[in-house]
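K.L.:
One letter stands for each residue in the lines below.
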Amino acid sequence: MIGRLLDSDLFYSFSRSPVTVLAALVTAVMMGAAAFAPWVAPHTPFDLATLDLLDAFLPPAWMPDGDPRYLLGTDDQGRDVLSTIIYGARVSLLVGFAAVFLAMFLGVALGLVSGYMGGMVDAVIMRIADVQLSFPTILIALLIDGVARGLLPRDMHEEMAIYVLIFAIGISGWVQYARTVRGSTLVEKRKEYVQAAQVIGIRPWLIMLRHVLPNVMGPVLVIGTIHLAIAIITEATLSFLGVGVPATQPSLGTLIRIGNDFLFSGEWWITIFPGAALAILVLSVNLLGDWLRDALNPKLR
Amino acid sequence: MIGFVLRRLLQSILVMLTVALIAFGLFRYVGDPINNLVGQDTSAVEREQLREKLGLDDPFLVQFARFVKNAAKGDFGISYRHRRPVAELIVERLPATLELSIVAALIALLVGVPMGVYTGLHREGFLSRSFMTLSLVGVSLPTFLIGILLILLFGVVLRWLPTFGRGEVVALGWWTTGLLTVSGLKALIMPAITLALFQMTLIMRLVRAEMLEVLRTDYIKFARARGLSNRAIHFGHALKNTLVPVITITGLQLGSIIAFAIITESVFQWPGMGLLFIQAINEVDIPVMAAYLVMIALFFVVINLAVDLLYYLVDPRLRVDRDRATGHG
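Chains as they are written, first to last, in the numbering used here: chain X, 1 to 301; chain L, 1 to 329.
If we strip away everything but chain X, and leave its shape as in the complex, we get (with noise of 0.2 angstroms):
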């Protein structure tokens, strides 16, 4: 199977562009480090009992101050820069790729829906997709998010934050995946394998499921990888304006809201470095994402 996969022509078009190279080799690299996190780390910034305050403000390894324990320096409570960056890279990708998997979920179950079924709730659900993609989806994560907090008691809210924001970057999401499965349904159903499954007597939901869907999916993946780019920099914007998650299971976007306070005191590095982490995985996922996107598109093949 191995086989059959390099003598593609997915896989040609892929190792042809030295660029698509690069960046799904740093994704792999950073989803890697993200997912062994605790192997990979050089210290455990999150583990209070391992932090020397003597320690803090450390400059990176190379300039004078510098101290080879801490690669990119330490921040104001002496946690070890590089280990909170891929914790946090862990924190990232994880509400990233739990967003784009409820917002896949939901939106391809609803277009499949509203493409086979038609008629009136074709209207209905079309008619809130519509409404909803006339707001931008940062603003919708952003009010999703601020209700839940206003529903939630307030002792509650730091452990709930992750999952609200995944609720609310997954919600302001659907719609894309939503209108483009419908579509490709809309087309599905005048073929004759719908229609025999049809005569023959099968429920709509099994023929949705088992033979509509796998021929609607492509697409889903080519929005999926862009959406997941755009999921990170969501996540990393709410955690940067302060509604994301909180400072005790820092995403990349909360270390950089952490180390803004000290740039102006010159300690540069608490903040410009997981920011270039998250700059780095966006711009990467998004090549990789162009990328797909150009080799699935039967068009230009």
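Incorrect hints may appear among the rest.
Among chain L residues calculated to face chain X with C-beta under 7 angstroms, some are [what the hints assert, rightly or not]:
| # | residue |
| --- | --- |
| 1 | G3 |
| 2 | L9 |
| 3 | I13 |
| 4 | V15 |
| 5 | S266 |
| 6 | I281 |
| 7 | N304 |
Now the stretches of chain X that chain L is said to cover, found in silico as 3 or more residues with beta-carbon under 8 angstroms [as the list claims (entries may be wrong)]:
| # | stretch |
| --- | --- |
| 8 | 26–34 |
| 9 | 52–60 |
| 10 | 237–249 |
| 11 | 256–264 |
| 12 | 268–278 |
Hints listed in this document are in silico derivations from the structure and should not be mistaken for laboratory results. Just so it is clear, CB atoms sit at the ideal spot from N, CA and C, and this is done for glycine as well.
For chain X, the structure is supplied; the task is to place chain L on it using the hints.
P.N.:
Okay, now just chain L, sitting in the frame of chain X:
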């Protein structure tokens, strides 16, 4: 034509009512308004009196109607945190946000459109490719990160520009403007560029795509065959037709600018409505949240309605088909 306008108007009203419902729900049911308004010493009897006075015991629809009526007048109650009428707070902050947004939109248009035209006309040039790469970077970098980088470079390292606030403002009636003072202008530069960058890349890519699309059409080929100069073709024919979708998208993007203004205002501590909203969310200041929600919804609905109508008026194909279909014309 009338049918179209009526239907869109109806849809807009429906959306506004839904948003009002959500805002009202927030207002009434999230936390207890009484608890938020009074101190801890107020006795239970006094709270009951207050509850009756504010009409919090009335049936749902009555309260909702009252909310909508007040909202239409611009009365959103009193901010929990600031203890001032919400309407007052908003009017205070509105000029700051509007100035920032409009300047950013102008920058995005004035830089984005020419760049888009250039990269569309000279597809393979080195400059074009670098613009396209820059645009990819512009899309990947979150707005707040760009803001921080700009602050670091121009504020901390070079010390050319102020890093927060609005500078000195001049009051003209109820509007306060920072455009008439040097410090105000200097403070405006970085936030405006930060806000404009995302829009700029979007507009540039859009204009480029549209230019490429239009340049392949038959009427352009015909113009070339007739011997018209490149200049006449590009600017006389191609550009005009590219601009229609660009204008509509830009109109829709106005709303997006307002949303991103929230982020930019946070980074630069710009005293606008966005910063007010973020603070309100952090402090769970419901009246401000509800008011912002309704105002933003109104803004979006109006813009979308205007763009839809404008598109209908500008694109003659939409009108002709419709008339022919109904048997007139």
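K.L.:
Could you run down the list of hints and mark each one as holding or not?
P.N.:
These are the hints, each one checked on the structure:
{"no.": "1", "hint": "G3", "result": "violated, 17 angstroms"}
{"no.": "2", "hint": "L9", "result": "violated, 15 angstroms"}
{"no.": "3", "hint": "I13", "result": "violated, 12 angstroms"}
{"no.": "4", "hint": "V15", "result": "holds, 6 angstroms"}
{"no.": "5", "hint": "S266", "result": "holds, 5 angstroms"}
{"no.": "6", "hint": "I281", "result": "holds, 4 angstroms"}
{"no.": "7", "hint": "N304", "result": "holds, 5 angstroms"}
{"no.": "8", "hint": "26–34", "result": "violated (count 0)"}
{"no.": "9", "hint": "52–60", "result": "violated (count 0)"}
{"no.": "10", "hint": "237–249", "result": "holds (count 5)"}
{"no.": "11", "hint": "256–264", "result": "holds (count 4)"}
{"no.": "12", "hint": "268–278", "result": "holds (count 5)"}
Of the numbered hints listed earlier, those contradicted by the structure are 1, 2, 3, 8 and 9.
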